[in-house]
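Undergrad: The primary structure of each chain is shown beneath.
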Amino acid sequence: MRSLRDVAVVGFAQDTAVKDRDRNEVEIISPVVREAVERSGLKRRDIGFTISGSCDYLAGGPFTFVSGLDAAGAWPPVKESHVEMDAAWALYEAWVAIQTGDVDSALIYGFGKPSLGDLHEIWTLQTDPYTVATLWPSMVDLAALQADVYLSSSGRSDRDLAEVAVRSLRNAQRNPYAVVSEDVSVDELLGRPVTHRPLRDTDIAPITDGAAAIVIAADDIAKRVCERPAWIRGIEHRVDPQHLGLRDLATAPSAAQAAERAGVNDGAIDVAEIHAQFSHEELILREALGLADGVDVNPSGGPLTSNPVMATGLVRIGEVAGRIMDGRAGRGVAHAAQGPCLQQNLVCVLEGSN
Amino acid sequence: MGAERTAVIGVGQTRHVSARHDVSIAGLVREAAQEALDDAGLDWGDIDAVVIGKAPDMFEGVVMPELYLADALGASGKPMIRVHTAGSVGGSTAIVAAKLVMAGIHERVLTVAFEKQSESNATWGLSVAMPFQAPLVAGAGGYFAPIIRAYIRRSGAPDYIGHLVSVKDRLNALRNPKAQLHLPDIDLKTVQESMLLWAPLRLLDVCPSSDGAMAMVIGSEQAAAAAPGPVAWIHGTAMRSEPTMFAGRDQVNPQAGKDCAADVYAQAGITNPREDFDCAEVYVPFSWYEPMWLENLGFCPEGDGWKLTEAGATAFDGDIPWNPSGGVLSSNPIGASGMIRFGEVAQQVRERAGDFQVPLKTGKALGHAYGGGSQFFSMWVVGNTKPES
Numbered sequence: 001m002r003s004l005r006d007v008a009v010v011g012f013a014q015d016t017a018v019k020d021r022d023r024n025e026v027e028i029i030s031p032v033v034r035e036a037v038e039r040s041g042l043k044r045r046d047i048g049f050t051i052s053g054s055c056d057y058l059a060g061g062p063f064t065f066v067s068g069l070d071a072a073g074a075w076p077p078v079k080e081s082h083v084e085m086d087a088a089w090a091l092y093e094a095w096v097a098i099q100t101g102d103v104d105s106a107l108i109y110g111f112g113k114p115s116l117g118d119l120h121e122i123w124t125l126q127t128d129p130y131t132v133a134t135l136w137p138s139m140v141d142l143a144a145l146q147a148d149v150y151l152s153s154s155g156r157s158d159r160d161l162a163e164v165a166v167r168s169l170r171n172a173q174r175n176p177y178a179v180v181s182e183d184v185s186v187d188e189l190l191g192r193p194v195t196h197r198p199l200r201d202t203d204i205a206p207i208t209d210g211a212a213a214i215v216i217a218a219d220d221i222a223k224r225v226c227e228r229p230a231w232i233r234g235i236e237h238r239v240d241p242q243h244l245g246l247r248d249l250a251t252a253p254s255a256a257q258a259a260e261r262a263g264v265n266d267g268a269i270d271v272a273e274i275h276a277q278f279s280h281e282e283l284i285l286r287e288a289l290g291l292a293d294g295v296d297v298n299p300s301g302g303p304l305t306s307n308p309v310m311a312t313g314l315v316r317i318g319e320v321a322g323r324i325m326d327g328r329a330g331r332g333v334a335h336a337a338q339g340p341c342l343q344q345n346l347v348c349v350l351e352g353s354n
Numbered sequence: 001m002g003a004e005r006t007a008v009i010g011v012g013q014t015r016h017v018s019a020r021h022d023v024s025i026a027g028l029v030r031e032a033a034q035e036a037l038d039d040a041g042l043d044w045g046d047i048d049a050v051v052i053g054k055a056p057d058m059f060e061g062v063v064m065p066e067l068y069l070a071d072a073l074g075a076s077g078k079p080m081i082r083v084h085t086a087g088s089v090g091g092s093t094a095i096v097a098a099k100l101v102m103a104g105i106h107e108r109v110l111t112v113a114f115e116k117q118s119e120s121n122a123t124w125g126l127s128v129a130m131p132f133q134a135p136l137v138a139g140a141g142g143y144f145a146p147i148i149r150a151y152i153r154r155s156g157a158p159d160y161i162g163h164l165v166s167v168k169d170r171l172n173a174l175r176n177p178k179a180q181l182h183l184p185d186i187d188l189k190t191v192q193e194s195m196l197l198w199a200p201l202r203l204l205d206v207c208p209s210s211d212g213a214m215a216m217v218i219g220s221e222q223a224a225a226a227a228p229g230p231v232a233w234i235h236g237t238a239m240r241s242e243p244t245m246f247a248g249r250d251q252v253n254p255q256a257g258k259d260c261a262a263d264v265y266a267q268a269g270i271t272n273p274r275e276d277f278d279c280a281e282v283y284v285p286f287s288w289y290e291p292m293w294l295e296n297l298g299f300c301p302e303g304d305g306w307k308l309t310e311a312g313a314t315a316f317d318g319d320i321p322w323n324p325s326g327g328v329l330s331s332n333p334i335g336a337s338g339m340i341r342f343g344e345v346a347q348q349v350r351e352r353a354g355d356f357q358v359p360l361k362t363g364k365a366l367g368h369a370y371g372g373g374s375q376f377f378s379m380w381v382v383g384n385t386k387p388e389s
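In the order they appear, the protein sequences are chains A and B.
With the first letter of the first sequence counted as 1, position 220 gets the number 220 in my numbering; the numbers rise by one all the way through.
With the first letter of the second sequence counted as 1, position 359 gets the number 359 in my numbering; the numbers rise by one all the way through.
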């Protein structure tokens, strides 16, 4: 196999809101794209490839990504694609496009406006339409099932879940894009009601409208436009079968596979941003990624405090890259997930030194 | 740095019908994928990654159905990507899969595209009133009919040109056992007397609604060398997009289509498409799009597309057969239709097209797909010889 081109994140921007009543998707995406491009130091017209990640069902109609073109800028016509996946996978496709040598840079954006509908029931429609979706388990029902399996097989308790929530909420106090944040103790939190046994509301990602955009560039371009590019050292993704009886729900095998292939533990990790939409998912993913106890996990507060669906995974890459670009971290790992019970996982290792 | 040489090493597709009541969605995609693997002489374990495409999820009512389909597609423990670029998606999906091989990341990638439209109603699915948008409630035919009228006004084409395409593609479909529509008695009069849907489109000028899937295995040079049968080398791939609406946009002859064709022709060394290709499979869901795309794709000067159609140049025995398989007018599982175009030209250059095989002279053929408001384009050129670089 031939060697891969060095590719780095050179620009990132995001925006979120609890419920963006005043703006449609194009109005949410436009400033984010503009900001990411400005930060990249590249001109929009010089960026070779454009790609987005979104989900039609969030807006309840076909082709919601089409209007995104108005925000991204597509005249004269552009080389462009779209995945019906979290935009972290759009970044993967962009990285592949750069590897072919066809383009040298790419703009990636993701967006979601879940406040328009009932996200937890929309995700029910990701399940087998003949045998599972007809029972209407919400995504929270399925997550609670996984949390229960995890707690009983790992010997952990809801105190461990609360510790994840407390740290996330505290970290979120420093993140202007977090839609919830709080300085709360574990004991105080444990006094709150369990809403989906064993989960409390603080264990469940909040409904968040928003968008994120990243610019990546190859080799010399990245070095020219960015003082300290966040180099992509490994990017891999894997999927597990969906049927809940087909795997041990206390684990995330596809996350572990992706992490190993991406080389997460080929060096020390300073920071990890993990796409855990439920507290127990962070614990499962820490194990799957093989993270040491001292690793700073979700310093942004993570998806438990800001969850712009279809962009949440891309935000993880942006958050790690941002910390590398401004010198706060040397090497980090970003993780994205989608599907019920952490079915599909992507792992991206980023480094400051070339 | 050039890309790795890449080829289609296996092709499979279901038969296309209005409703496949005998299989689930998983069964449908599995059928096409298994046929492609058999064709390539491979087993599920030989596949490195899976790239799947389909049009809007509303067509089946399953959100991101690839998640539920992961095990049916043999993707467990592998990378899986889901592409959605509107009607061009079948083509785009094949291109995304090809790029994984061109980049040197994988050796053998399975790519599948499908639509099971009997699970829902596509015209209704396309007509949902969206938040913040003026409701069109027109379906695809209602959207494209005014653009076709603009073409007729611009080009001065006689009103029966579209009907000629409707007859030609349905006669071609009689040679294709997997096509949905088999209408042996079709002629100009039948089309002219069919129900008027959206002027000037009559019922028989319009594609059917289909259940169907298409699959290909795309492989590296090494994988191609190990393939049991002939392969189709990929000589070029291109995608272009432009916004749906802006002042002055030419929706009849979109710039993105012209740019996409110019890009893929340059990669494949095509200077005169009418002479340099042995055939083309082009996304023609409404009959009039044949003359319109003949012009957009540079097979003739602007305004002359209808003259080629009228002269029979695009017929099965014409000098540049378009849609010898019967095309989208004979089978339209929307998300798969683009990949069917890409796969059928691969079959042509492999000389595997059966009763609708065209004679090979240059050994090159064009696969084309478009989508959205004539704004998303994907194209590839395949050939029976290995590209130079």
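No lab work stands behind these hints, which were simulated from the structure alone.
Treat the hints loosely; a few may be bogus.
As the list claims (entries may be wrong) - Computed footprint of chain B on chain A, listed as stretches where at least three residues anywhere in the stretch have a Cβ under 8 Å from a Cβ of chain B:
#: 1; segment: 79-88
#: 2; segment: 100-114
#: 3; segment: 232-241
#: 4; segment: 321-332
Even for Gly, the Cβ is constructed at its ideal location relative to N, Cα and C.
Undergrad: Please go over all the hints and tell whether each is borne out by the structure.
TA: Against the structure, the hints come out as follows:
Note: the segment 79-88 of chain A has 7 residues with beta-carbon separation from chain B under 8 Å; the three-residue rule is met and the coverage holds. Closer than 8 Å: that is the beta-carbon criterion, and the segment 100-114 of chain A has 3 residues meeting it against chain B, so the requirement of 3 holds. Judged by the Cβ-Cβ criterion of 8 Å, the segment 232-241 of chain A is covered by chain B as claimed, because 6 of its residues qualify and three suffice. Closer than 8 Å: that is the beta-carbon criterion, and the segment 321-332 of chain A has 0 residues meeting it against chain B, so the requirement of 3 is violated.
Hint check: a violation occurs at hint 4 only; the rest are consistent with the structure.
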